[in-house]
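These protein sequences, in sequence, are chains A and B.
Residue numbers for the first sequence follow my numbering, so the first one is 1 and each next one is one higher.
Residue numbers for the second sequence follow my numbering, so the first one is 1 and each next one is one higher.
Because the hints were derived from the structure by calculation, they are not lab data.
Hints are supplied without guarantee of correctness; some may be wrong.
What the hints assert, rightly or not - Simulated restraints on C-beta separations:
#1 A/V460 to B/P445: 55 to 63 Å
#2 A/L375 to B/R457: 29 to 37 Å
#3 B/Q60 to A/A378: 43 to 51 Å
#4 A/T27 to B/F7: 37 to 45 Å
#5 A/S207 to B/W284: 55 to 63 Å
#6 A/R198 to B/L69: 54 to 62 Å
#7 B/V14 to A/N71: 29 to 37 Å
#8 B/Y164 to A/E449: 46 to 54 Å
#9 B/R205 to A/A378: 42 to 50 Å
#10 A/L32 to B/Y164: 51 to 59 Å
#11 A/S446 to B/Q110: 20 to 28 Å
#12 A/S446 to B/L69: 32 to 40 Å
Said to hold, decoys possible - Calculated cross-link-like contacts (lysine to any residue; reagent style SDA-like; alpha-carbon spacing at most 25 Å):
#13 A/K443 to B/S111
#14 A/K410 to B/D207
#15 B/K168 to A/L451
#16 B/K495 to B/S111
#17 B/K485 to B/Y475
#18 B/K308 to B/H192
#19 B/K495 to B/I163
#20 B/K168 to A/L169
#21 B/K485 to B/H362
#22 A/K410 to B/S111
#23 A/K410 to B/F403
#24 B/K168 to A/E408
#25 B/K198 to A/P374
#26 A/K410 to B/L220
#27 A/K372 to B/I163
Claimed, not checked - Negatives, chain A to chain B, calculated, CB over 12 Å:
#28 L49
#29 F295
#30 E449
#31 W475
What you are looking at is a predicted structure, and each value in this text was computed from that prediction instead of being measured.
For glycine and all other residues, C-beta sits at the position ideal for the given N, C-alpha and C.
Each chain, written out:
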Amino acid sequence: MHASAGFFSPVDLVRFLPEIILTVVGTFLMVLDPILHKRSSHAFGHLSLLALIAAMGGSIYAYTEPGKSFNDMLVVDGFATFFRVLVIGVGIFTVLLSYRFLEREDAETSEYHALLLFSVAGQCMMAASNDLIMIFIGLEISSISSYVLAGYLRDDKRSSESALKYFLLGSFATAFFLYGVALIYGSTGSVNLSEVRRIITGPDVPSPVFIGLAAALMFVGLGFKVSAAPFQMWAPDVYQGAPTPVAAFLSAGPKAAAFAIFLRIFTTAFEPMSIAWQPVVFGGAAVLSMTIGNFAALLQSNVKRMLAYSSIAHAGYLMVALTARDNGTPAAMFYLVAYAFMNIGAFAVVAHLSGKGERYQTLDDFAGLAQKQPLTAAMLTIFMLSLIGVPLTGGFFGKFYIFKAAIESKMVWLSVFGLLNSAVGAFYYLRVLVMMYMHEPSKASSEVEPLPWGLGTALVLPAIATLFLGIFPSWVLDFARSATLLK
Amino acid sequence: MNLAAAFQMLSVLVVPLIGFIAAMCVPRSRPQNSRSLALVMSLLAFLDSLQLISKFDRTQGGEQFVLDLTWIPSVDIHFATSVNGVSLWLIVLTTFLTPLCVLVSWNSIQSRVKEFYAFLLLLEFGLVGVFLAQDLFLFYVFWEVSLVPMYFLVGIWGHDRRIYAAVKFFLYTMAGSMLMLVAIIYLYLQAHTFSYTKILEMLSRGDLSFTAGEQMLLFLAFFVAFAIKVPLFPLHTWLPDAHVEAPTAGSIMLASVMLKMGTYGIMHFCVPLFPRSAHTCAPWIAVLAIIGIIYGALVAMVQPNMKKLVAYSSVSHLGFVVLGIFSFSQAGMDGAVYQMLNHGISTGALFAIVGLLYERRHSLEIKDFGGVATVAPWLSTAFLITTLASIGLPLLNNFVGEFLVLQGTAMEHYQWTIYASIGVILSACYMLWLYQRVFYGEVNPEVRSHISDLIPREWAVVIPLVVMMVWMGVYSQSFLPTVGKVTALVLEQSKINVPERVQIHGPRAGSMEAANAR
C-alpha cells in the first residue's frame, strides 16, 4: 500500500481535489475582502461560483482515480462522487440565489461566500469519508459554517434566533454522534468503517451492547442532522429565521451529506448487525417524520415554515428508503437529487417574492402571482407538483422508486402508509397553487420585481431538471445504481 | 408492428400536446389567438382519430396499432400503447368533445384565455393517453397527469366555490390512486414487468398467480381508485361539487370523459387481472351500483340547481355501467361500454346546453327560469332531444345501452334488474320535471329579456351531439360489433382462475342454453 511509503501520494491529492479547491478559494476570498470590498459587490459571488464549478470538475476528475486514500481515511467511489457533485451543485444554486438577495439586504461580504464554500467542503468530505473521525470533522466544518450562515443577517432577530437554536441543537446532535464514535473506538479499537465492519463480522465480536448503543447514538446524531422525527423540532424555526437562500441551502446540502453518512455507516460498518432492528427503528422514524411533517405543514401560514415541515416529511420518505436497505440506497440517492432541485426552486421563489427585509413570506402573499409573473408561477407550479409527487416530475419518480424498494423489501404497510401520507401532503402544496392562480394579486405579488438573472437561473434550471428527472430518470438512476459503496 | 398505423395513433396523442405548448407560447397581448389555435388543434386531433377508425380492423378484438418503445430501461418501463375496440371509441369521444368544448367556451371565458385553452388541450392529451396506455406505469402517469389540468380548469375558471371543489376533486382522486400505485408496484415485483399484455399472458398461462388474499387486496386497491373516479356510491361526494363549480367545458370533459376513466379502468384492468376477486365482490359492487342508481336519481329529483341535477343524474347513469360490467354477461358488458359512450354524448350535451342557459341568464337555479321554450324554441328543442335521450327513449342512444345492461343483468341476476329499472323510471321523472319547470310555464320577464335562441357557433355545438344521439340510437351496429369483440375477450379472461364459477353457474348456464334451444 502506497501510504506506508510516505505521508501521502499525488493520487491522494487528486482524490482530495474538490475539498482542496473549496478551502483554498474560501480562504483566498477572506484575504481578498479588504482589497475588493464595496468596489464590485458581485465579485465574491462570481469567484465562489467559479470555485464551485471547478470543485465539481475536480470531483468528477477525482473519480477517474477511484480508491481509498490517506491511510483509508478517505474513499473516492461512485457513491462519494455522486454526493460530492450533488452538494456542490446545491452550493452553485445557493450562490445564484444569493446574488440578488445579498444586494437587496445590502449584506454582500466575502465571509458569506467563504462560509458557504467551507460548508460545501465539509459536506464533500462527509460524502467521501471512510473513517468516523473524518466524518466527524466534515460534519463539524459543514455545521459550524451553517450555524454562522443561519445567523448571517445579524440585525434581524429571527435570523439570530435561528442561528442560536441551530447551534445549540446542532451541537447536541454532534455530541451524540461523537459519543457513538467513542464507544465504537472503545469496543473495536478502530474508527475506520471497513475495519469496524471486519471486526463486527469477525470471530471476536465485541459486546453487542456497546455496538448497539453506539449505533443508537449515531442514529440520534444523524437523525438531528437530517431533521427526521423525533429529532425534527429545530427545523421549522431555523428554516423560517435563516435568510432564504441559506434555508434553501440547509434543506438540501447538509441534509444530503448527512444522508450520505447515514447510508455509508449503516450499509458498511453496521450492516451485519442492523438487520434485526433496522425496520423497527428506521421504519418508526419514517412513519413519525412523514406524519408529523405532513400534518404540521397543513397548519402553517408561513411558506418558509411550511417548506420546513415539508422537508421533515421528505426526510420521512428518505427514511423509508433507508429502511429498505440495499434496495433503497439508489432510491434514496435519486430522491435526494430530485428533492434538492425542487426544494431549491421552491425556496428561490420565496426569496424572490419576499422582498427587502423578507417581509412577504405568508401564503397570502403568494396570491395572484400567476397574473403578475406567470413564468415564476409556472416554475413554482412545477416544483409544487414535484413535491406532491405528480408524474412526469422528479419527485414522482423518486417517490415511486422509494416505495418500489420498500415493497421489494416486503414493507407493504410502510408503503401504503407513506403514499397515503403524501396524499395528505398534496393539500398544503395545492394551497400554494390555489393562492397563486385562483386569487387576486396581493401587495407582495404586485410589488414583485422582475426576475434577476441569478435567481432566474436558479429557478429555470431546477425546473428543467425536475421535469428531466421525471421524464428521463434513467441517467441519474443508472449512476446511482452502479455507484456502489466500497465496503 | 405496423409503424405507420402506430404513428397514426401517436399523433392523436401528440397533437394536443403540441397544441398545449403552442397555446402557452401565444403572446399575452393577443389571447384570442389561442382559442382559434385550440380549435384547429383539437379538430386536427379529431380528424386523426377518425383516421384511426378507418384503419381499425373491425374483425378482431385484440389490441391494434401496437407500439412498444423502451422508456426507462433501468426499471423496464415501456411507452407501450395500443387501441382496442373499446378504447378506440373512448378516444374518439374525447377528441370529438374537445372541439365542442372550445366552441362552448368561445365567449364565456374572458380571463386568462390562453391558459384556459392550453389546459383544455393538456387535458385532452392526458385523457387520450389514459385510454392508449398498455403499460401500467404509463397508465398511472397519464391517469395522474390528466388530474392537473382539470384541477386548474375547475379552480381558476369555476364558479363561487371553485377552490373547495377543485381541491376536493384533486385529493379524492389522489388518495385513491396512491393505493393503485402500491398495487401496480406490487404487481410489477411479482411479474417483473409493467406490461399489461404480458401480465395477462402470464396469468392465463399460469406463470403468475396470486393467493386469494393477495388478489383481493390488489383488486380492491385498483377498484377503489377507479370507483372514486366513476364515482360509485358512497365515494361520489366530490362529483356534485366539481361538476357544479366547473366551467361548462370542464363539466363536459369531467362528466363525459373523465368518469369513463374509472369504468374503463375497471373493465380493462380490474376484471381481467383479478377475475376471482371480481367475481367474489360482484354482488357487493352490484348492490352499491344499484344504490347509486336509485340514490342518484332521488337526489337529482330534489335539486334546485340545474347543474347539480345533471351531476347527480351522472351518479345514477354510471351505476348502470358498473352494474353491466359486474353482470359478467356479454350483453351486460356491451351495454356498459355503450352506456359509457352514450352518457358521454348525452350528459355532455346536457351540460353544454345548461352552460348556454347560464351564459344568458347568469343563473343555474331552476326557479329563475320558466317559459324558455317560448323565447328560444330551437334551444329548447335541442334540450328536449337530449332529455329524451338521457331518459332512454327508444331510437335515441341511451335506450340501447340501458336495455343491454338490463338484459345482461337479467340473464344472470333477475332481482338486480328489478331494482335497477326503478332508476330508469326515476330518470324520466326528474328530467321531464326539469324540462317542464325550465322551458314551459309562464315566461319569466327576466327570461324574456335575457334569453335568445341559438347562434351559429352554438348550433355547431348542438348539431353534432344531436346527430350522434340519433345515430347511436338508430344504428348501434356502427359501434357495437367492435365493442363486443373486446368484451368477449374480457369475459373470457374473467373466467381464468375462477374454478368456483364453473360449479356455481354450471347447471344454470346449461338450463339457459336449453331455454335458448327451445
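Hints violated by the structure (listed by number, smallest first): The structure breaks hints 4, 6, 7, 8, 12, 15, 16, 18, 19, 20, 21, 22, 23, 24, 25 and 31; every other hint is satisfied.
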